[in-house]
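Trainee: Work out the full structure: start from the sequences and follow the hints.
Count along the sequence shown from 1, add 25, and you get the number used in our numbering.
Simulated from the structure, these hints should not be mistaken for laboratory data.
Please note: incorrect hints may appear among the correct ones.
Beta-carbon label-pair distances, calculated as ranges [what the hints assert, rightly or not]:
(1) A137 - F92: 15 to 25 Å
(2) Q110 - V140: 12 to 22 Å
(3) L81 - S113: 27 to 37 Å
(4) V140 - N115: 33 to 43 Å
Heads up, the beta-carbon is just placed ideally off N, CA and C, and yes, glycines get one too.
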Amino acid sequence: MSTDDSDEVIPAESEPDDPDETVSGEMSPVEDEPDDSEETTPEDGLSVSDAAVYTLIGVITGVVAWFVIPLFGFVAAYAGYQLYQKESRNILGGAFVVIGLLPVFLWIGLLAQSV
26 MSTDDSDEVI PAESEPDDPD ETVSGEMSPV EDEPDDSEET TPEDGLSVSD AAVYTLIGVI
86 TGVVAWFVIP LFGFVAAYAG YQLYQKESRN ILGGAFVVIG LLPVFLWIGL LAQSV
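Mentor: Structure, rendered in structure tokens:
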């Protein structure tokens, strides 16, 4: 047996373990991957968080419209319309439209009586 080391191949440069790492050792920018926490519905593309935002806006502005400034009812009605139109939440959307527009109409009626 001879100890011939000529059969051993030593690579000149090894490949980086990380595919995003460049030869100089710097990291290349990684593209943002879509977040799986926000589910989208295929028919409208509206995410669950959008529906939650419209619901939250509708609740807050509906309460403000009834107890502070009736004109905020338009915002509640818009949030309800968006829930009805894009999210197909008919009952919740319709409730926000009614809860939002009713104080506006009552306020207009009150102003009309006082004139």
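Trainee: Determine for every hint whether it applies to the structure shown.
Mentor: Taking the hints in turn, this is what the structure says about them:
1. A hinted range of 15 to 25 Å for the beta carbons of A137 and F92 is consistent with their spacing of about 21 Å.
2. Checked against the given bound of 12 to 22 Å, the beta carbons of Q110 and V140, roughly 36 Å apart, lie outside it.
3. Separated by about 18 Å at the C-beta atoms, L81 and S113 break the suggested range of 27 to 37 Å.
4. Take V140 and N115: their Cβ atoms lie about 37 Å apart, and the range 33 to 43 Å holds.
The structure fails hints 2, 3 (numbered hints given earlier, in ascending order).
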